[in-house]
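There are 2 protein chains.
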Amino acid sequence: MANDREVTIYDIARELNISATTVSRGLQDHPTISKKTKKKIFDLAERLGYRSNHFARSLRNQKTNTLGIIVPRLNSHFMSSVIAGIENAANEQGFSLLIAQSSESSVKEAASVRTMFDSRVDGLLVSLAVDTAELSHFEHFFKKNIPVIFFDRVMPHENSVNILIDNRQAAYNATRHLIEQGCRRIMHLTAPILQNVYKDRLKGYKEALGEYKIKFREDYVVITNLSQEAGAEVAKTILKMKTLPDGIFAANDTCAIGCMLAMKEQGIRIPEDIAFAGFNNDPVTQVIEPHLTTINYSGYEMGQVAARHLIDHVRDVSFVSSTNTIILRSELIVRASSLKKGRK
Amino acid sequence: MANDREVTIYDIARELNISATTVSRGLQDHPTISKKTKKKIFDLAERLGYRSNHFARSLRNQKTNTLGIIVPRLNSHFMSSVIAGIENAANEQGFSLLIAQSSESSVKEAASVRTMFDSRVDGLLVSLAVDTAELSHFEHFFKKNIPVIFFDRVMPHENSVNILIDNRQAAYNATRHLIEQGCRRIMHLTAPILQNVYKDRLKGYKEALGEYKIKFREDYVVITNLSQEAGAEVAKTILKMKTLPDGIFAANDTCAIGCMLAMKEQGIRIPEDIAFAGFNNDPVTQVIEPHLTTINYSGYEMGQVAARHLIDHVRDVSFVSSTNTIILRSELIVRASSLKKGRK
Numbered sequence: 001m002a003n004d005r006e007v008t009i010y011d012i013a014r015e016l017n018i019s020a021t022t023v024s025r026g027l028q029d030h031p032t033i034s035k036k037t038k039k040k041i042f043d044l045a046e047r048l049g050y051r052s053n054h055f056a057r058s059l060r061n062q063k064t065n066t067l068g069i070i071v072p073r074l075n076s077h078f079m080s081s082v083i084a085g086i087e088n089a090a091n092e093q094g095f096s097l098l099i100a101q102s103s104e105s106s107v108k109e110a111a112s113v114r115t116m117f118d119s120r121v122d123g124l125l126v127s128l129a130v131d132t133a134e135l136s137h138f139e140h141f142f143k144k145n146i147p148v149i150f151f152d153r154v155m156p157h158e159n160s161v162n163i164l165i166d167n168r169q170a171a172y173n174a175t176r177h178l179i180e181q182g183c184r185r186i187m188h189l190t191a192p193i194l195q196n197v198y199k200d201r202l203k204g205y206k207e208a209l210g211e212y213k214i215k216f217r218e219d220y221v222v223i224t225n226l227s228q229e230a231g232a233e234v235a236k237t238i239l240k241m242k243t244l245p246d247g248i249f250a251a252n253d254t255c256a257i258g259c260m261l262a263m264k265e266q267g268i269r270i271p272e273d274i275a276f277a278g279f280n281n282d283p284v285t286q287v288i289e290p291h292l293t294t295i296n297y298s299g300y301e302m303g304q305v306a307a308r309h310l311i312d313h314v315r316d317v318s319f320v321s322s323t324n325t326i327i328l329r330s331e332l333i334v335r336a337s338s339l340k341k342g343r344k
Numbered sequence: 001m002a003n004d005r006e007v008t009i010y011d012i013a014r015e016l017n018i019s020a021t022t023v024s025r026g027l028q029d030h031p032t033i034s035k036k037t038k039k040k041i042f043d044l045a046e047r048l049g050y051r052s053n054h055f056a057r058s059l060r061n062q063k064t065n066t067l068g069i070i071v072p073r074l075n076s077h078f079m080s081s082v083i084a085g086i087e088n089a090a091n092e093q094g095f096s097l098l099i100a101q102s103s104e105s106s107v108k109e110a111a112s113v114r115t116m117f118d119s120r121v122d123g124l125l126v127s128l129a130v131d132t133a134e135l136s137h138f139e140h141f142f143k144k145n146i147p148v149i150f151f152d153r154v155m156p157h158e159n160s161v162n163i164l165i166d167n168r169q170a171a172y173n174a175t176r177h178l179i180e181q182g183c184r185r186i187m188h189l190t191a192p193i194l195q196n197v198y199k200d201r202l203k204g205y206k207e208a209l210g211e212y213k214i215k216f217r218e219d220y221v222v223i224t225n226l227s228q229e230a231g232a233e234v235a236k237t238i239l240k241m242k243t244l245p246d247g248i249f250a251a252n253d254t255c256a257i258g259c260m261l262a263m264k265e266q267g268i269r270i271p272e273d274i275a276f277a278g279f280n281n282d283p284v285t286q287v288i289e290p291h292l293t294t295i296n297y298s299g300y301e302m303g304q305v306a307a308r309h310l311i312d313h314v315r316d317v318s319f320v321s322s323t324n325t326i327i328l329r330s331e332l333i334v335r336a337s338s339l340k341k342g343r344k
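Those protein sequences? They're chains A and B, same order as listed. Oh and the first sequence: position 169 is 169 in UniProt numbering, straight run, nothing missing. Oh and the second sequence: position 152 is 152 in UniProt numbering, straight run, nothing missing.
Calculated from the structure, these hints are not laboratory results. Fair warning: there could be bad hints in the mix.
Listed next, with one range per pair, are the computed distances between beta-carbon atoms [unchecked claim]:
| no. | chain 1 | residue 1 | chain 2 | residue 2 | range |
| --- | --- | --- | --- | --- | --- |
| 1 | B | Gly94 | A | Lys199 | 31 to 41 angstroms |
| 2 | B | Glu229 | A | Leu239 | 50 to 60 angstroms |
| 3 | B | Ile214 | A | Lys264 | 30 to 40 angstroms |
| 4 | B | Ile214 | A | Lys199 | 56 to 66 angstroms |
| 5 | A | Lys264 | B | Phe216 | 54 to 64 angstroms |
| 6 | B | Asn91 | A | Arg185 | 38 to 48 angstroms |
| 7 | A | Glu211 | B | Leu194 | 52 to 62 angstroms |
| 8 | B | Lys240 | A | Glu46 | 34 to 44 angstroms |
Computed from a predicted model, the values in this text were never measured in an experiment. We put the beta carbon where it would ideally sit given N, CA and C, even for glycine.
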């Protein structure tokens, strides 16, 4: 069947009774081809389902007007906000998006990088998988000077820009708030510490304890995958402890909420017995009772900033090497889950 | 810089001092080329960052081992479960995924279809934007016999398969449950009715009312974008009504929860004053108090089934035309938000 064969410029040339060179030039918006002929060529190309030859086109100008996005998971409010922000900036500038998820696996991340490379994206926005320890799988992008920007889960690299919040400061603020509310036995629920976000949040937690001369205890740091189920599991373990903690700072809201629900079921009063603080300001923080104290930072803005920078790089407006790191604002939002001393 | 130029088979041929034909054959795993030479070619191609020429390759065997996914939004628990299910099935069979979101706009949907077409995906999985009224933007896929499968938000087409649940039956079950709990003034919160899912849910709602001889009232059907904010807005409107409804069936959980939170703030008791039922069984239904009665159906399974069917079509194991529609199971989950008569 004719339908199974790829449509070429020769098919278009034959049907319009013009040369293949004219078709090729027309498709490339060459100035020697008249508007009328260009329209004829484009209309027929569209009708026949001609697919622009990325290979040939990329030899000419290296652009496909497509940005690639690789994220650990698509199932969080934060990540869907980031993608909405990226989309807003990309639309403004006429770029399409191709998205892939690594499912928190560096092996899948490398495969996605390859797929994006083969799809000839003009640039890449990446938030790293939890077990990614180095960046060699991005070498083809770096070598070809195709810009790569890392956001949220980042790793320093001379050929890329990092966009993130000050995780250490945010975690310090949350922990200090719990201490100021009277907590002295504060546990920290987090993820494997390979990634900057968790490393820095742990640092901020320790720093606040240190400032108030509260001894850091290894057994008060619990490493999980930060899912709601993991939060419920941790609750079980905690409830078996001889002395209960009086505060919990979780590295995300989902895990905090799983833990809170399981504790409430067992009659623990929040915040009277145990105060809670999370991270991300997911909408669910205002559904849970009591509402959850958390760190707010705008995924939408992070996505917008990341995409705008990437597009500037793609267009050579700026160079990756001149900017290294962009830090976005975050803020502590105090709600009932941590207010042991009542509202001020 | 050499780095800015696309690497070609001629570069590989020159460096290895062999012919371009040999390189081309080697890359295509041609039997006339020795294993040793193939290894040399692949190693160098990898090192130089050679990108396989999709165009030439597709002329040969039309396969890129990539599936395209286009969904309205990536910000729901349901959609991230679907994508996890698709990913599971795709991984098993060695396929990568490229994802795009239409942001509920048929115009963006058409642009994403085009991007997927240019990326030469082997097949397409689509859940339609809320304002998509016809399928002409998929014509290039249909014409070329590249399989397209629609899931959840579907539209019948002779060249594609639809995978969905029986939305009419599910909505009938939810509404009948509210009636059995004593509700007589039941409102229905839904989205614009272009799409099958909302059309069929409205049908099921009407059917249950009819069965119990409860008069259908146009003003009891509220069309919104089904966001949490929209739910809160609807609550305000409802609270101004002369006679309050005694039951609300929302076409998704997010909107139901927005409405519940706003009503609770105004002192409305749930379920005593107004009973609630939602749709989707999002995790947040078990965070809200009282827990929300809802319709459960597995996004993960829907994604798996859709991807497996698509891959079968890509491999010509089955033909799209022989299967038309696949209906997956759904169930009513009764929780405290609707139990006016107490637990049975």
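Status of each hint after checking the structure:
1. Gly94/B - Lys199/A: 31 to 41 angstroms: holds (34 angstroms)
2. Glu229/B - Leu239/A: 50 to 60 angstroms: violated (37 angstroms)
3. Ile214/B - Lys264/A: 30 to 40 angstroms: The hinted range 30 to 40 angstroms holds for Ile214/B and Lys264/A, with Cβ atoms some 38 angstroms apart.
4. Ile214/B - Lys199/A: 56 to 66 angstroms: holds (59 angstroms)
5. Lys264/A - Phe216/B: 54 to 64 angstroms: violated (40 angstroms)
6. Asn91/B - Arg185/A: 38 to 48 angstroms: Distance hint for Asn91/B, Arg185/A holds at roughly 43 angstroms.
7. Glu211/A - Leu194/B: 52 to 62 angstroms: Since the Cβ atoms of Glu211/A and Leu194/B sit about 58 angstroms apart, the hinted range of 52 to 62 angstroms holds.
8. Lys240/B - Glu46/A: 34 to 44 angstroms: violated (51 angstroms)
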